[in-house]
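Model the full structure from these sequences, guided by the hints.
Reading the sequence shown from the start, the letters are residues 1 to 175 in this note's numbering.
These are computed hints drawn from the structure, not numbers from a lab.
Check before you lean on any hint, since a few could be wrong.
What the hints assert, rightly or not - The calculated lysine to aspartate or glutamate pairs, modelled on EDC-like cross-linking and capped at a C-alpha distance of 16 Å, are:
no., residue 1, residue 2
1, Lys145, Glu161
2, Lys163, Asp23
3, Lys145, Glu77
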Amino acid sequence: MCGIAGIVGQSPVNGDAVRAMTDLMVHRGPDGEGLWQSTDGRTCLGHRRLAVLDLHDRAAQPMTSVDEDLVLTYNGEIYNYLELKSRLEAEGVIFRTSGDTEVVLEAYRAWGEDCLGEFNGMFAFAIYDRRQNRLFCARDRFGEKPFLFLEQDGVFAFASEYKALFVLAGVDVDI
Numbered sequence: 001m002c003g004i005a006g007i008v009g010q011s012p013v014n015g016d017a018v019r020a021m022t023d024l025m026v027h028r029g030p031d032g033e034g035l036w037q038s039t040d041g042r043t044c045l046g047h048r049r050l051a052v053l054d055l056h057d058r059a060a061q062p063m064t065s066v067d068e069d070l071v072l073t074y075n076g077e078i079y080n081y082l083e084l085k086s087r088l089e090a091e092g093v094i095f096r097t098s099g100d101t102e103v104v105l106e107a108y109r110a111w112g113e114d115c116l117g118e119f120n121g122m123f124a125f126a127i128y129d130r131r132q133n134r135l136f137c138a139r140d141r142f143g144e145k146p147f148l149f150l151e152q153d154g155v156f157a158f159a160s161e162y163k164a165l166f167v168l169a170g171v172d173v174d175i
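Shown next, in the form of structure tokens:
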């Protein structure tokens, strides 16, 4: 299990806040961590990695597409990723990695939101599209992989665990 987190704001967001979020989820991903922030500073994605399928550094996250238009932070397993990878390769996609993470990224590029109907597995992810300045978030239909979020004061934040959201200033933890 990996840990994902991110913040999108109308003004620049604090990357240290996303780092604090991922630090609270080190148990979800002891094999590595990553942080990506957009050039305008308004989007920051974080990741705690548990390396399962592709153990190489090239599979680290957040993962950026070859053209750097898409950035993905992902937790899960796509059981039919080899089938999807073959279909995408037939369409001309060249993969840099051997796991399912890049398959999620390239499936989104090829099929947009319809990629969700192609995935057989358990997953939660966020993909930031730099061209469209858009964040697409999804999780599997049964919610097996957690995707928790909040939206307040012009900020959208998400994480794999509640406690990662609680580190954000101004978050009311009363239920």
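Quick rundown of the hints versus the structure:
1. Note on Lys145 and Glu161: the hinted pairing holds, with a Cα-Cα distance of about 10 Å set against a maximum of 16 Å.
2. For a cut-off of 16 Å, the pair hint linking Lys163 to Asp23 stands: about 11 Å separates their Cα positions.
3. Taking the CA atoms of Lys145 and Glu77, the gap is near 10 Å; set against the 16 Å cutoff, the hint holds.
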